[in-house]
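All chains, please: the whole structure from these sequences, using the hints.
Note that the protein sequences, when read in sequence, are chains A and B. The first sequence lines up with residues 0 to 183 when you count with numbering that gives the first Met the number 0. The second sequence lines up with residues 0 to 120 when you count with numbering that gives the first Met the number 0.
Worth flagging that the hints you see were computed from the coordinates, not collected in a lab. Do not rely on the hints blindly, as some may be mistaken.
Said to hold, decoys possible - Calculated pairs, EDC-like style, for lysine to aspartate or glutamate (alpha carbon to alpha carbon, straight line, at most 16 Å): (1) B:K7 / A:D159; (2) B:K8 / A:D154; (3) A:K178 / A:D137.
A quick note: this is a predicted structure, and the numbers were derived from the prediction, not measured.
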Amino acid sequence: MNELSLHILDVVQNSIKAKATLVEIIIDENKIQDTYSITLTDNGYGMSEEMLAKVTDPFFTTRTTRDVGLGVSLFKMAAELSDGSFKISSKLNEGTIVEALFKRSHVNRVPLGAIEETIAILILNSIGTDIYYKHTIDGNNYTFDTREVKEILEDIPLTDLNVIMWIKNNIKDGLKTLKEEDQE
Amino acid sequence: MKSLDDLKKIREAAQHKVIMRGGTLDSIKILVGMGTCGINAGARPIMTKFVEELAKRNLITVTVAPIDCTGNCDNTPIVKVVIDKKETTYGNVTEKMIAKIIKEHVEGGKPVQDYVLGNKK
Numbered sequence: 000m001n002e003l004s005l006h007i008l009d010v011v012q013n014s015i016k017a018k019a020t021l022v023e024i025i026i027d028e029n030k031i032q033d034t035y036s037i038t039l040t041d042n043g044y045g046m047s048e049e050m051l052a053k054v055t056d057p058f059f060t061t062r063t064t065r066d067v068g069l070g071v072s073l074f075k076m077a078a079e080l081s082d083g084s085f086k087i088s089s090k091l092n093e094g095t096i097v098e099a100l101f102k103r104s105h106v107n108r109v110p111l112g113a114i115e116e117t118i119a120i121l122i123l124n125s126i127g128t129d130i131y132y133k134h135t136i137d138g139n140n141y142t143f144d145t146r147e148v149k150e151i152l153e154d155i156p157l158t159d160l161n162v163i164m165w166i167k168n169n170i171k172d173g174l175k176t177l178k179e180e181d182q183e
Numbered sequence: 000m001k002s003l004d005d006l007k008k009i010r011e012a013a014q015h016k017v018i019m020r021g022g023t024l025d026s027i028k029i030l031v032g033m034g035t036c037g038i039n040a041g042a043r044p045i046m047t048k049f050v051e052e053l054a055k056r057n058l059i060t061v062t063v064a065p066i067d068c069t070g071n072c073d074n075t076p077i078v079k080v081v082i083d084k085k086e087t088t089y090g091n092v093t094e095k096m097i098a099k100i101i102k103e104h105v106e107g108g109k110p111v112q113d114y115v116l117g118n119k120k
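Okay, structure coming up:
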């Protein structure tokens with residue numbers, strides 16, 4: 000995949016399938032340490048030790064339509080090809096944490112890309128999982144939280160297409176400001 | 000903050016429309032295959048474009064949602080249009096096909112036969 004946000008889209012959908020009510024997408028860029036880390040935490044069903052041992056295997060899946068499950072293994076490969084590391088931990092009925100670490104300047108470390116599109120699609124998933132997104136660049140943050148948006152919307156659904164467009168623009172602008180702050 | 004004011008305006012506009020909800024548009028679903036196979040083939044920009052085009056035409060109560068891999072991995076991106084439980088599956092969907100699908104199928108009620116999975120030449 001040519002964008003990190005596509006890996007995030009793929010893997011966070013697993014969290015939603017695991018009936019998570021909250022997913023946290025934490026991205027931390029550190030130019031001095033030359034690291035780029037993505038941590039995805041959910042409070043879904045979690046996995047048994049047996050399943051956890053198999054989850055990075057591309058031929059393991061819980062789906063019935065196909066015999067391959069590529070999302071996690073592709074993400075792991077992307078991190079390792081960028082001189083980074085990959086770790087998944089999980090506890091049944093508590094949730095799962097996926098940690099992908101990349102060497103920020105590595106030629107194989109693809110750009111984040113349109114994370115706002117990824118988050119919009121995750122929100123459009125009918126289950127209504129809350130999403131907390133925090134992006135840090137050298138200590139400066141941007142955060143987005145569906146719970147805060149819901150409070151303002153009152154009874155209007157988050158999936159209203161005008162709201163979705165607003166959310167995308169908010170994230171896009173927020174990240175643009177964050178990058179500009181970093182350049183100062 | 001300007002941005003929050005915009006969100007409040009959207010809420011107010013939507014609350015005024017609540018009285019008019021419950022029309023035929025509410026029963027239309029556009030489902031986009033978003034498994035790894037779909038994502039790899041470009042399903043995310045397809046879904047993004049559907050949302051933009053529907054918002055442009057003010058068809059904001061149509062449901063657009065991601066669905067898991069359907070097994071048609073060779074014909075991704077896959078888009079299913081469901082109207083009153085009648086389901087049509089489009090295969091190999093490109094951005095150029097979206098306007099026609101919305102105009103003829105979503106608004107007009109007639110599936111675009113050339114785009115249906117298995118029919119495309």
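Hint check results:
At roughly 13 Å between alpha-carbon atoms, K7 of chain B and D159 of chain A fall within 16 Å of each other, so this suggested pair holds. Pair hint K8 of chain B plus D154 of chain A holds up; C-alpha atoms about 14 Å apart against a cutoff of 16 Å. Restraint check for K178 of chain A and D137 of chain A: the C-alpha separation of about 10 Å stays at or below 16 Å, so the hint holds.
Checked against the numbered hints given earlier, the structure satisfies every one of them.
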